[in-house]
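For the record, the sequence lines run as chains P and A.
The numbering used here numbers the first residue of the first sequence as 1 and each following residue consecutively.
The numbering used here numbers the first residue of the second sequence as 179 and each following residue consecutively.
These are calculated hints, taken from the structure and not from any lab test.
These numbers come from a predicted model, not from an experiment.
Beta carbons are placed, not taken as given, at the ideal position from N, Cα and C, and that holds for glycine.
Just to be clear, a hint being listed does not mean it is correct.
[Claimed, not checked] Cβ-Cβ distance ranges computed for the label pairs, FRET-style:
no. : chain 1 : residue 1 : chain 2 : residue 2 : range
1   : A       : Leu283    : P       : Glu107    : 49 to 55 Å
2   : A       : Ser288    : P       : Thr102    : 49 to 55 Å
3   : P       : Asn94     : A       : Gln275    : 24 to 30 Å
[What the hints assert, rightly or not] Sample of chain A residues lacking proximity to chain P, with all beta carbon distances greater than 10 Å (derived):
no. : residue
4   : Glu194
5   : Glu221
6   : Gly244
7   : Gln282
8   : Thr311
9   : Ala321
10  : Arg323
Protein chains: 2
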Amino acid sequence: MAKTSYPLASVYGLLEPGPVVLLTTLRNEQPNVMPLSWHTMLEFEPPLIGCVVSNRNYSYQNLIDGRECVINIPAIDIADKVVGCGNCSGASENKFQRFSLTPQLSEVVSPPGIAECFANLECRLVDDSMVPTYGLFVLEVVAARCEENASTAQTLHHQGWGQFMVAGQRIRLTSAMR
Amino acid sequence: MAKTSYPLASVYGLLEPGPVVLLTTLRNEQPNVMPLSWHTMLEFEPPLIGCVVSNRNYSYQNLIDGRECVINIPAIDIADKVVGCGNCSGASENKFQRFSLTPQLSEVVSPPGIAECFANLECRLVDDSMVPTYGLFVLEVVAARCEENASTAQTLHHQGWGQFMVAGQRIRLTSAMR
Chain P
1 MAKTSYPLAS VYGLLEPGPV VLLTTLRNEQ PNVMPLSWHT MLEFEPPLIG
51 CVVSNRNYSY QNLIDGRECV INIPAIDIAD KVVGCGNCSG ASENKFQRFS
101 LTPQLSEVVS PPGIAECFAN LECRLVDDSM VPTYGLFVLE VVAARCEENA
151 STAQTLHHQG WGQFMVAGQR IRLTSAMR
Chain A
179 MAKTSYPLAS VYGLLEPGPV VLLTTLRNEQ PNVMPLSWHT MLEFEPPLIG
229 CVVSNRNYSY QNLIDGRECV INIPAIDIAD KVVGCGNCSG ASENKFQRFS
279 LTPQLSEVVS PPGIAECFAN LECRLVDDSM VPTYGLFVLE VVAARCEENA
329 STAQTLHHQG WGQFMVAGQR IRLTSAMR
């Protein structure tokens with residue numbers, strides 16, 4: 001499905017539900033991708049995201065050196081690719097090729113997005129002060145593209161050791177909370 | 179349903195899927211409760227949680243002064259109470275009374291848990307260095323209690339302005355990721 005430019009002020013609604021995301025980075029002009037679930041919104045606008053990447057991950061140094069990434073949100077249709085990307089390392093193989101993921105040119109940052117994901121959030125590293133202690137990277141979303149049906153996407157939510165919850169029904173409650 | 183002591187090493191599996199949680203704190207011996215969705219795991223064991231509380235929230239000062247809280251995880255059966263707690267302030271009313279929430283004595287910390295939630299994570303504030311910049315409190319889970327059916331609970335996942343995703347089907351994939 002076609003993606004359109006997405007309002008930065010609405011990005012938080014994509015990440016608050018806690019989906020597994022695919023982080024794309026770049027090293028030596030070769031893109032890498034890793035799945036992660038340890039992320040949280042830190043600010044609405046400009047959207048700031050706190051994202052944990054371990055120094056044991058190949059993407060860690062990519063993020064420190066390149067200071068740019070794309071947070072891609074996958075749905076259940078590529079669940080096997082998502083876990084596959086988590087079961088191997090970019091240090092030894094090209095995951096885009098192995099899992100037939102399509103690099104999608106970003107608008108602002110150097111790392112590509114993933115065409116098979118319904119949302120692509122282009123990010124810049126704006127605060128690395130918590131990286132030594134927690135591996136926590138503070139990212140600012142500088143551009144976002146998303147499919148129209150994002151609010152009903154069947155996102156994946158990791159529960160540990162290969163168990164995932166799939167996004168279920170949507171309900172509306174009388175909340176005044178943004 | 180009865181709750182039993184829950185392994186601290188397994189706590190991350192409760193929060194990774196991104197459920198709305200109810201944060202309980204204490205001020206002048208009166209408990210308060212607020213819903214929030216901006217949280218992430220920071221470490222497996224001991225479990226460290228990064229949790230964003232705005233200085234506009236009544237709970238903010240409670241957490242800074244008391245340095246203890248309980249992260250309670252509600253399911254859809256108390257969805258109306260969850261949004262109700264987000265639509266008013268502890269500065270002007272006792273939310274436990276207004277929404278008929280039952281304080282549950284904690285094992286280690288002073289603030290009570292919420293009996294109507296299927297999981298109660300007792301936390302101590304261990305790092306407030308990111309509070310001035312992001313309102314990000316680093317909490318260590320020091321005790322946890324949980325119902326047996328937690329892995330299939332119908333948790334709530336906020337998408338903004340009263341729209342929530344309810345946890346759907348569980349699937350198992352061949353992942354080597356903890």
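So, going through the hints one by one against the coordinates:
no. : hint                            : result
1   : A/Leu283 x P/Glu107: 49 to 55 Å : 53 Å, holds
2   : A/Ser288 x P/Thr102: 49 to 55 Å : 53 Å, holds
3   : P/Asn94 x A/Gln275: 24 to 30 Å  : 59 Å, violated
4   : Glu194                          : 5 Å, violated
5   : Glu221                          : 7 Å, violated
6   : Gly244                          : 22 Å, holds
7   : Gln282                          : 24 Å, holds
8   : Thr311                          : 8 Å, violated
9   : Ala321                          : 20 Å, holds
10  : Arg323                          : 18 Å, holds
Checked against the numbered hints listed earlier, the structure breaks hints 3, 4, 5 and 8; every other hint is satisfied.
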